[in-house]
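Construct the complete structure from the given sequences, taking the supplied hints into account.
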Amino acid sequence: MSANNSDAHTVSDRLAKNAMRNVSERMIEALLLAAAAVSVLTTVGIVYVLVSESIHFFQQVSIVDFLTDTQWTPLFDDAHFGIMVLVSGTVVSSFVALAVAIPMGTIIAIYLSEFANSKVREIAKPILELLGGIPTIVFGYFALLVVTPVLQLILPELPGFSLLSAGLVMGIMIVPYIASLSEDAMRAVPMSLREGAYAMGSTRLYTALHVVVPAAFSGLAASYILAISRAVGETMILAVAAGMQPNLTWNPTEPAATITSYIVQVALGDLPHGSIGYLTIFAAGLTLLLITLVFNILGQWLRAKFRENY
Amino acid sequence: MQPLTNEQIRAVIARGKLKDTIFKGVGLFCLAIALLVIVALIADMFMKGSERFTLDFFINFASRRATQAGILSAWVGSLLVMLVTALAAVPLGVAAGLYLEEYAKRNWLTHVIEVNISNLAAVPSIVYGLLALGIFVYQFGFGQSILSAGLTLALLILPIIIVATREAIRAIPAMIREGSMAVGATRWQTCRYHIIPYAMPGILTGVIIGLARAIGETAPIITIGALTFIAFLPPVPFTGEPPAGLFDWVMSPFTVMPIQIFNWTSRPDPAFEVNAAAAGFVLMVMVLSMNAVAIYLRYKMRKNIKW
Numbered sequence: 001m002s003a004n005n006s007d008a009h010t011v012s013d014r015l016a017k018n019a020m021r022n023v024s025e026r027m028i029e030a031l032l033l034a035a036a037a038v039s040v041l042t043t044v045g046i047v048y049v050l051v052s053e054s055i056h057f058f059q060q061v062s063i064v065d066f067l068t069d070t071q072w073t074p075l076f077d078d079a080h081f082g083i084m085v086l087v088s089g090t091v092v093s094s095f096v097a098l099a100v101a102i103p104m105g106t107i108i109a110i111y112l113s114e115f116a117n118s119k120v121r122e123i124a125k126p127i128l129e130l131l132g133g134i135p136t137i138v139f140g141y142f143a144l145l146v147v148t149p150v151l152q153l154i155l156p157e158l159p160g161f162s163l164l165s166a167g168l169v170m171g172i173m174i175v176p177y178i179a180s181l182s183e184d185a186m187r188a189v190p191m192s193l194r195e196g197a198y199a200m201g202s203t204r205l206y207t208a209l210h211v212v213v214p215a216a217f218s219g220l221a222a223s224y225i226l227a228i229s230r231a232v233g234e235t236m237i238l239a240v241a242a243g244m245q246p247n248l249t250w251n252p253t254e255p256a257a258t259i260t261s262y263i264v265q266v267a268l269g270d271l272p273h274g275s276i277g278y279l280t281i282f283a284a285g286l287t288l289l290l291i292t293l294v295f296n297i298l299g300q301w302l303r304a305k306f307r308e309n310y
Numbered sequence: 001m002q003p004l005t006n007e008q009i010r011a012v013i014a015r016g017k018l019k020d021t022i023f024k025g026v027g028l029f030c031l032a033i034a035l036l037v038i039v040a041l042i043a044d045m046f047m048k049g050s051e052r053f054t055l056d057f058f059i060n061f062a063s064r065r066a067t068q069a070g071i072l073s074a075w076v077g078s079l080l081v082m083l084v085t086a087l088a089a090v091p092l093g094v095a096a097g098l099y100l101e102e103y104a105k106r107n108w109l110t111h112v113i114e115v116n117i118s119n120l121a122a123v124p125s126i127v128y129g130l131l132a133l134g135i136f137v138y139q140f141g142f143g144q145s146i147l148s149a150g151l152t153l154a155l156l157i158l159p160i161i162i163v164a165t166r167e168a169i170r171a172i173p174a175m176i177r178e179g180s181m182a183v184g185a186t187r188w189q190t191c192r193y194h195i196i197p198y199a200m201p202g203i204l205t206g207v208i209i210g211l212a213r214a215i216g217e218t219a220p221i222i223t224i225g226a227l228t229f230i231a232f233l234p235p236v237p238f239t240g241e242p243p244a245g246l247f248d249w250v251m252s253p254f255t256v257m258p259i260q261i262f263n264w265t266s267r268p269d270p271a272f273e274v275n276a277a278a279a280g281f282v283l284m285v286m287v288l289s290m291n292a293v294a295i296y297l298r299y300k301m302r303k304n305i306k307w
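In order, the protein sequence lines correspond to chains A and B.
Counting with my numbering, you get residues 1 to 310 for the letters of the first sequence.
Counting with my numbering, you get residues 1 to 307 for the letters of the second sequence.
For the record, the hints were derived by calculation from the structure and aren't laboratory data.
Model, not experiment: these values are computed from the prediction.
With a straight-line Cα cutoff of 25 Å, these simulated DMTMM-like cross-link-like pairs (lysine to aspartate or glutamate) come out:
id, chain 1, residue 1, chain 2, residue 2
1, B, Lys-300, A, Asp-184
2, B, Lys-105, B, Glu-167
3, B, Lys-105, A, Glu-29
4, B, Lys-19, A, Glu-195
5, A, Lys-119, A, Glu-195
6, B, Lys-300, B, Glu-101
7, A, Lys-125, A, Asp-184
8, B, Lys-24, A, Glu-129
9, A, Lys-305, A, Asp-184
10, B, Lys-24, A, Glu-122
11, A, Lys-305, B, Glu-114
12, B, Lys-19, B, Glu-7
13, B, Lys-24, A, Asp-184
14, A, Lys-125, B, Glu-167
15, B, Lys-48, B, Glu-273
16, B, Lys-105, B, Glu-178
17, B, Lys-300, A, Glu-129
18, B, Lys-24, A, Glu-195
19, B, Lys-17, A, Glu-195
20, B, Lys-17, B, Glu-7
21, B, Lys-105, A, Glu-25
Cβ-Cβ distance ranges computed for the label pairs, FRET-style:
id, chain 1, residue 1, chain 2, residue 2, range
22, B, Phe-140, A, Leu-153, 44 to 52 Å
23, A, Ile-297, B, Gln-139, 27 to 35 Å
24, A, Asp-13, B, Arg-187, 21 to 29 Å
25, B, Gly-141, A, Leu-248, 37 to 45 Å
26, A, Ala-79, B, Ile-59, 41 to 49 Å
Output of the computed footprint for chain A on chain B, the stretches with three or more beta carbons under 8 Å from beta carbons of chain A:
id, stretch
27, 32 to 38
28, 98 to 112
29, 131 to 140
30, 153 to 159
31, 261 to 274
Note that the Cβ used here is the ideal one computed from N, Cα and C, for glycine as well.
Here you go:
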């Protein structure tokens with residue numbers, strides 16, 4: 001289509017207007033595409049920043065030391081960079097959180113999808129949504145100043161900072177994610193399967209556990225994986241309530257730093273741009289991203305493998 | 001095999017029903033724990049912080065003395081950061097959602113964008129902080145400013161807004177588009193005058209939920225190196241010498257509510273616990289009321305729309 005045809009006035013005028021319209025339509029489409037591409041740029045940016053700063057880090061610290069050293073003292077004169085120290089804190093706190101969140105979230109999901117009437121559901125769902133919307137710093141405050149004192153009544157030796165109380169509160173925080181995703185998965189199971197089970201004389205509970213849960217397994221698994229990602233990436237609850245001393249431990253009643261709370265601790269200080277201390281947080285961040293990436297891929301694989309089609 | 005007698009059958013049924021009832025009890029118990037946590041949280045912060053709910057608390061700067069410390073710079077900072085976040089995230093998110101629903105062809109590029117958005121939603125928020133530290137603070141030279149923080153949170157909530165926009169647009173029936181195009185409207189005119197206005201309530205819900213999430217985020221803002229002790233206010237937006245002065249405020253250092261709470265929580269002096277509780281209560285009121293508006297909007301929408 002060309003707009004420079006100027007023989008017949010009326011026709012060319014209309015063509016010109018049309019061409020202008022097409023140009024602006026194209027420009028708008030390009031603008032919208034650019035907006036959509038921002039998400040891709042974000043990913044590229046994340047990978048670029050983490051990888052490029054980590055390369056600087058690994059020029060000074062060998063990967064073998066990074067993975068096998070049992071001390072994490074990057075700011076001391078005798079510097080050690082054993083990421084396992086931070087990973088142990090992350091693993092223990094996530095484990096405590098999941099031990100709370102997976103049973104509770106699954107039970108709530110089964111209850112809401114198979115037992116509760118619509119009235120209970122109308123009340124329960126917004127409550128869960130509100131619970132999921134509470135800022136994590138507030139949960140951190142709650143873990144440190146409410147849950148820890150209560151736990152100390154039961155376990156008198158519990159220190160003021162512990163992975164246990166942070167993990168428990170993290171678990172409560174994650175419950176809404178598991179409950180709402182699992183409930184969606186279970187409600188997507190067709191009614192005819194349940195009716196078949198009821199017709200054979202199954203009770204509600206038996207139907208829920210032996211028909212609905214297996215049929216919705218891929219959805220449940222996906223929700224657990226998301227929960228793991230949340231737990232591993234959770235920062236503020238741990239920074240407030242778990243203490244920030246690096247501590248290679250598998251005991252939840254001890255204080256310990258995690259990957260995320262270490263990053264917060266360094267960012268609170270005043271490290272010069274480009275120093276080794278500054279670079280450690282990018283290496284720690286890359287480790288964190290790789291852990292969540294592994295779980296994401298696992299989740300997608302599980303979903304594809306166990307998807308039931310009706 | 002011996003057939004069961006009536007009594008045995010009744011016993012089996014009774015056992016099954018008992019198990020059902022027990023499970024119902026367990027389910028309600030778990031829900032009650034969730035509710036209890038919310039109530040305990042709010043009640044604890046309200047009671048501990050109640051002595052600070054005076055006008056002074058809202059118009060005082062942070063201070064070394066707990067009783068004189070206030071949240072002025074924190075709530076003003078939160079508000080300004082949210083303004084930047086909204087100005088960046090809403091146009092980008094709505095445009096991206098519009099593109100994916102109304103323009104995108106089913107090709108590899110669209111697929112890459114979609115996979116990307118769902119993966120970004122699972123990236124821990126502190127990683128966004130590292131991205132911002134590397135790119136916004138140092139590469140672009142924005143420093144530890146309101147602009148850096150606002151843009152970081154905008155990227156963080158972009159997936160939420162995009163998903164909400166797409167869902168709202170998908171609910172609009174095809175006949176609306178056909179009707180508009182049949183009278184000669186272009187694709188953009190259809191979007192501009194029909195799709196966006198009709199999708200507005202859904203988009204708004206997503207925006208509010210996204211901003212409620214952003215206002216409580218702490219980790220990414222700490223990571224970019226926001227200061228914890230700020231005893232001054234940024235310049236009032238859009239009042240400086242035009243044109244350069246209009247945007248002085250975005251480059252200003254700042255603090256936000258969650259960072260102020262973190263700062264007070266991590267001090268050993270218990271007098272600051274009271275401040276943390278009071279500020280936490282204020283933050284909770286902000287977040288919960290935003291969420292409540294979003295839940296209410298969604299509830300209204302479900303009732304009202306009949307195509």
